[in-house]
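Student: So you can see what is in the structure, the chains are spelled out below.
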Amino acid sequence: MSMPAEVSVLIVDDEPDMRSLLRLLIESADEGLTVSGEAADGPAALVQWEQTKPSVIVLDNRMPGMDGLDVAAHILHEQPEQRIVLFTAHLDEATSLEATRLGVGRCLSKTRVDEVAGIIRRLAATG
Amino acid sequence: MSLRPHPRTVAAATTAVALLAVTTGLVSRAEHNGADAAQARTQRAVDRLIEQRSAQLATLADTVQPEFTDRHRTAHGVMASLDVATFGGRAVLDSRLAIRLPHLASGGPLDLETLRGEEIRRTASAATDRGSPLAVVTPVTHGRAIVVLWPLYDGALPATTAGRRALQAGWALAVVHPSWLVDPAVQTARALGYGTVVVGPLPASSGLPGTVVDDAVAVRVVPGGPGRPLLGWVLLTALAIAVAGGLALATRRRNERDRARSDAESLREQIRLLADLGVTAQETLDVSLTLPAILLQLSSRLRLDYVAVMTGSEPQLVQLLALGSRPSASMTLRFPLHHSLRTVGVLEISRSSPVTTTEQETVQAIADVIAGSLFNSDLFEREQAAVQRLQDVDRLKDDFLGTVSHELRTPLSILVGYSAMLRKRWETMAEPDKLAAVTTIETHVGALTNLVNDLLDFVTDRNSAQHVNLTPVRLAVPVRELVERYRPLLGRHELSMDLDEAAEVITDARAVERILTNLLSNASKYSPAGTLIALTVRNGEEGVSLGVRDHGPGIADTDRALIFERFYRGTTDAARSTRGTGIGLTIVRTWLEMVGARLEIRSQLGVGTHMSVVFPRPDQAALPEAGQIVWREEHLPIARGTVQA
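Read top to bottom, the protein sequences are chains A and B. Under the numbering used here, the residue at position 17 of the first sequence is numbered 17, and the numbers go up by one with no gaps. Under the numbering used here, the residue at position 292 of the second sequence is numbered 292, and the numbers go up by one with no gaps.
Simulated from the structure, these hints should not be mistaken for lab results. Idealized CB from N, CA, C, for every residue including glycine.
Derived coverage of chain A by chain B (criterion: at least 3 residues anywhere in the stretch with Cβ under 8 Å from a Cβ of chain B; other residues may be distant): (1) 9-21; (2) 24-35.
Chain A side only, calculated, beta carbon under 7 Å to chain B, not exhaustive: (3) R62; (4) A89; (5) H90; (6) K110; (7) T111; (8) V113; (9) D114.
From just these sequences and the hints, can you work out the full model?
Tutor: So, in structure tokens, the structure goes:
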């Protein structure tokens, strides 16, 4: 398996402490991961995505206004090969099915946040 | 041939005959005396008799009127209904006639010598041209005649043009049966030896009431020359009776057949109308669709000038729908809308022509259909509302479960993540980073604690009232302690405190905790990071207030009535973008009620919100507006106090 030299990650979550935690976990993983940007809501995420063109997006689902699936639908419509981890506190079957239908690469429950770095790396390595 | 006169006709005839007979006797005596005084007495007696009968006559006229009008409606005017037959120089006439004697106008005695055979026809023809009714004349023999008529007051406006013209011209309308009038009158007259019965106008001095008087005539028998032998007269009369009876019977049968046919057609029409409206009413439960259709059909089929449906009961009737403009109340007919033993409204109609009894029965049946529709529609709407409420509650419950799940898992996942990171990298992490991680953990533990408390309160608050433990509390003490414990709830806000240390209240310690943590949590969630949250305890005239003032967006007017409803989370952008379960203020209100405190709210959009809980002091019996939430339209107090580190 070839490993990309550098994997840039965009963090999207409306909870500041969760963003801080994700950044800490990603940056300290020592697996060639960097954080290219953070966004607290959907519209800001789209702006960051346009500007930074990250390898992977860690995307919270439940956000005020535009939720994670809305953001994913928009991005995947523009760029179907974009890798996205849907990162959600409440992962139910309907959400998983909808994410798969849209082409989201991976869903992760927030209670397994400590696995996030490994998952990003594996997702970036696919295809 | 058997003759079975109509009962009403019998009544009329009996009245007439009685009057004739008595009058004859009276007049006879007066003539024997040959004195004017006797004549005057006779006239008075006649007047009295007429007076006695006038009420009966009016009643009779009312009852026979429908027959009269029915008859004329199907024929071509008054004359067409008049059958004149001549048998051996005798003319007999139909049973129902409109009568006028042209001679009455002049006031002179009627000379019937001229009214015979062809002359009757000529007179009838002339009367037709004038649109007037006709005299009834039965010439018995040449030179001798008996005129029989009985005037009746026609209580309502005649239905035919000819009838109305006649009334306008002062004609009396009469309903008589010739067989019953001719025979006894002739017999009586002949038995007494008088040859002529003369009809003249009623004297103005008779003093009889109403229109009956105006159109009434007196009947007199005057002495004539000796008639033919009685037997001959009797035979002739019998013949006349037989002929008249036969004709009358045939006419009645034909009339009855016509009427039955007309009634059957009318009934079929009414049944068709009812069936159509029944179908319309069944089409949908939405009365706003069926009612206009029902009223339109009703109005067009019965040619109504006005129809309206009103709901409620007198005097609070509310018009639902009306077609046509409403005439005065006296011109309308009202039909109650009954359903399930109660009146739900009124159906009101109006038509220039009279509404028949059958039509009225139909309209009442339609009123019942409408009442059923209204009742069902009302029931349907209530069912719909109940279903809607249940759906709303179900949706709120789903939202709530989703929210609670999210609100619990977010801090939990942060706790998991930070503790995992601390454990793995404890050796390599810088001390400030460790401290920051622990502080974050504390913040989210605080948020979790508050959320769990909220949920427990929410589940148990309905049963907690009996366990309230009201004791004197120096308010600043628990407030300071709670602020210390729940400091993480305030996140990145500044906090100032201005506490009256001496202020004492009577309350339950749990109420202070639950109310304060929810108010602080809201102030923190709904105002931008870095802004000031001011906490105060003040001793006022009405009690001791615990105030939390934020510098958030304020509460929209539309949200005021709703923010204390469970699960409601506001409509402003700030409210929508903020996390929460929507039960915090519901819990605050429950505790207010339990400890008899009052919440005063001052809020200005774009400026902030000040929530102030007023607790009763130990020396106060009860607080005004205890348990209430009071919105104050006042400017927000300036935040004062020492900013806490």
